[in-house]
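Fit chain B to the supplied structure of chain A, relying on the hints for placement.
Chain by chain, the residues run as shown.
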Amino acid sequence: MYRYDEFDARLVKDRVDQFRGQVNRRLSGELLEDEFKPLRLQNGVYLQLHAYMLRVAIPYGQLNGAKLRGLAEVARDYDRGYGHFTTRQNIQYNWVALKDIPDVLEKLAGVELHAIQTSGNCIRNVTSDHFAGAAFDELMDPRPWCEIIRQWSTFHPEFAFLPRKFKIAVTAAEHDRAAIAVHDIGLRILKRGDVVGFEVHVGGGQGRTPHLAALVKDFVPEAELLDYLEAIMRVYNRYGRRDNKYKARIKILVNELGTEEFTAQVDAEYAAQKGHEKIDLPQAEIDRINAYFAPPAFDADTGSETFEAAKAADPAFAEWAEVNLHKHKQAGHASVTVSLKPIGGAAGDATDAQMLVVADLAERYGYDDIRVSHAQNLVLPHVPVKHLYAIWQALDAAGIATANESLITDLIVCPGLDYCNLANARSIPVGQALQKVFADPKYQREIGRLHINISGCINACGHHHVGHIGILGVDRKGEEFYQISLGGRADEKAAIGDIAGPALKGEDVPQAVKRIVDTYMALRTSPDELFIDTLARTGAEPFKEAVYATA
Amino acid sequence: MPLLKDGAEIENVFVYLDGEAELKADQAVTLPLARFLAESGTLAGRNVPVGVRLVPEDDVGLLAPFLEWIQLVEISFPKYTDGRGYSQAQLLRRRHGYRGELRAVGHVLRDQIFYMNRSGFDAYETARADLPSVLEALNEFRDAYQPAADGRVPVFRQRNGN
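Sequence lines, in order, name chains A and B. My numbering applies: residue 1 is where the first sequence begins, and numbers increase by one. My numbering applies: residue 1 is where the second sequence begins, and numbers increase by one.
Any given hint could be a false lead.
The calculated DSBU-like cross-link candidates involving lysine-lysine, where the alpha carbons are at most 30 Å apart (straight line), are [said to hold, decoys possible]:
{"hint": "1", "chain 1": "B", "residue 1": "K5", "chain 2": "A", "residue 2": "K274"}
{"hint": "2", "chain 1": "B", "residue 1": "K79", "chain 2": "A", "residue 2": "K247"}
{"hint": "3", "chain 1": "B", "residue 1": "K5", "chain 2": "A", "residue 2": "K245"}
{"hint": "4", "chain 1": "A", "residue 1": "K245", "chain 2": "A", "residue 2": "K493"}
{"hint": "5", "chain 1": "A", "residue 1": "K442", "chain 2": "A", "residue 2": "K544"}
{"hint": "6", "chain 1": "B", "residue 1": "K5", "chain 2": "A", "residue 2": "K99"}
{"hint": "7", "chain 1": "A", "residue 1": "K274", "chain 2": "A", "residue 2": "K191"}
Incomplete in silico selection of chain A near chain B, CB under 7 Å [as the list claims (entries may be wrong)]:
{"hint": "8", "residue": "K13"}
{"hint": "9", "residue": "D14"}
{"hint": "10", "residue": "L39"}
{"hint": "11", "residue": "W152"}
{"hint": "12", "residue": "T154"}
{"hint": "13", "residue": "P157"}
{"hint": "14", "residue": "N237"}
{"hint": "15", "residue": "R238"}
{"hint": "16", "residue": "P282"}
{"hint": "17", "residue": "Q283"}
{"hint": "18", "residue": "A284"}
{"hint": "19", "residue": "E285"}
Don't read these hints as lab results, they were simulated from the structure. No residue lacks a Cβ here, since even glycine has one placed at the ideal position from N, Cα and C.
Chain B extracted, bound-state conformation:
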């Protein structure tokens, strides 16, 4: 599935390990939250990148102690209509100060990507949208009424000169 980040299609080096599948020494992996938390002690010492994949029910606050060294957080959208991932993203970025890659995976549609970007995502794994279309989607609105994780200066500040 194409992975888009920073205006380009990039290669996905991470492998998602579900359940009990074995960790290989030289493999970058993303793990479900529960497994990540259970094995965080040994994972911290690995010299290949480690990421976490969240499902909508997950409490992102549990990741707070690890955000300095996690390289990737994937937030999954089982259905595009499930908007919990937007709150997870805003919390990770704004409350917990996560600075690594934040990737939307699952049912990611071109026309949700603008909101995802504003909520703090910077990478999108999407089956349906191609790169030019995604780039267009990111710039469909030039202004924003409210502050969000993307750091745009909201209209009410622009109006009042700060």
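The shape of chain A in the complex, shown without the other chains:
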């Protein structure tokens, strides 16, 4: 994991001091709310329905025990004992007082966390594969490049007032767990001979007009990456639309120009860079950052017999182990998903006590490594299998051992109208009602991998466009309705879901989804054919009929 040196620490400290000054000027009335807004927004402070909300960056989802403990203490001391993990691998606090925020940021700086650029029209938190450095199917660890991009984009003076927010994701695995196709820039790391480089995708995004990113460059060598990113950003900053907030994302620019013309403009800007404009990141710096991400000294005594014995003795553990473990590149190890999707809970929420449990487990058994996944769960990426039973018992006692990773109750859900002042409809209660229909663990496992994503408005924070089943809350004359879409996916076969038909009342959503699932179970050729594959094979018609069939 990356650790701050004196420079990183000083930058974050300077930011805390700056923001303390800004808050003081706001509280004293020197700054008007209009003038304060752009400042707080670049520090992750939103004015929500009931209070200020603070969003803290978790760069590429990377935590350790000390960081998660710091986040837990903020939840306990400054919020109501909760934090909400987001699809940007960040955490949000919904009840922090403005006057306390400088103290919160100072405390977080002590564990090398910050809220820089977690909102505003700037380059946001870089996201990545939550199994980075652990996954069996990755070419290399993408985190060093995430960190390099994080540093380059932090306080970049030219790109702090872009037409709109800007999101970058990086993957290096065969199976894309970072959803690069729906990011403003999606980077896939690959190799040509010995040269590491990047496949560059631009213009993906969700929201009102969803687009999959266009392939703009099939190989940018690592030495040129930051200069190429600067070229993209400058073209966007100069020519992205600023006349209409809903047309301001880079996806609209790419779409209006066409991929070819957009690429030509970026290439022209890149070609025009003079020698002294090049960032020219020294190899020594790339090596320095890479060194922080060296794999842990893996335990050679993996003790897989004890793991097998525990599964045989405890069926509940065996069920969890079947669902919530991911294959690790190191023999005798696994990556553990700590589900923050208990049946009837709010997706992504964790209490301070739960965070402390996970922090302790990571330190004791997991090489002090923790991740946040974009699916709003926590991950212990490196665990010797001999410790899994002890981990499961501790998680179970804390209420975070739900065996549902990537199953139908592992919902992505935005905060919705319960918290968010952009929302048109509530998301959390719809998710809870759905979970109840599918609560039976055996039934969930029979259904298999199925992603349901729920957003409370068109801004799509709940990623409904790329859910296998997507649910979007809409407002119809003051009443909450929900539009269902089918066939979205966020992985290497990314697709935007198709709207099934007219929106439904909230109370009708769970049974409509149940009918979709029943249709799938009846149509699938075998239990191995996933919902998304059956849908691709049969087309959407039978499922659309199911949505509107009445019992």
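Relative to the frame of chain A, chain B by itself:
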């Protein structure tokens, strides 16, 4: 409106001439880009300073042939949220090598001035911020992760000893 440059409040000797307003013989002026380009031949021979005021849509590359003798480029920010001026500034300084005064005008707020300075601005016309506050803003961050027009040595070079 106060004009701040090099740690002091200075007098603004330039007059912005919009549209068709007549050039007076002894008056330092800034002109819109289109008018400047149209009259550049006669402007070059004047013995009082000449400047250009850019709006966010303007292509700064068009100024490249004139940057040796232009005394002032004003980049206007109709709204602080319109960040095109930062790219214009970086291009003028870094790509086209402009060395004269680069002034931010319009909706210029104290808390944007740090980024403006890094992008190559050296003068700020701002209604709301006073001098001590602006000087403080310029020094709020001691380090920078990336190279920019201000020539600061980025952190990655300091770390690696060059």
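Hints versus structure:
1. K5(B) x K274(A): Given pair K5(B), K274(A) holds - Cα atoms ~28 Å apart, limit 30 Å.
2. K79(B) x K247(A): holds, 18 Å
3. K5(B) x K245(A): Given that 30 Å is the threshold and the Cα spacing comes to 34 Å, the pair is violated.
4. K245(A) x K493(A): Given pair K245(A), K493(A) holds - Cα atoms ~29 Å apart, limit 30 Å.
5. K442(A) x K544(A): holds, 26 Å
6. K5(B) x K99(A): violated, 34 Å
7. K274(A) x K191(A): Holds, because 27 Å separates the two Cα atoms, which is no more than 30 Å.
8. K13: Given a least distance of 9 Å, the restraint on K13(A) is violated.
9. D14: At 5 Å from the nearest chain B Cβ, D14(A) passes the 7 Å test, so the hint holds.
10. L39: Check passed: Cβ of L39(A) comes within 5 Å of chain B, closer than 7 Å.
11. W152: With a closest approach of 5 Å, the W152(A) hint holds.
12. T154: holds, 5 Å
13. P157: holds, 4 Å
14. N237: Since chain B brings a Cβ to about 5 Å from N237(A), closer than 7 Å, the hint holds.
15. R238: Interface hint status for R238(A): holds (5 Å vs cutoff 7 Å).
16. P282: Hint holds; P282(A) Cβ to chain B Cβ min 5 Å, cut 7 Å.
17. Q283: Q283(A) check fails; min Cβ-Cβ to chain B is 9 Å, beyond 7 Å.
18. A284: holds, 5 Å
19. E285: It holds, given that the least Cβ distance between E285(A) and chain B is near 4 Å, below 7 Å.
Going through the hint list in order, the structure does not satisfy hints 3, 6, 8 and 17.
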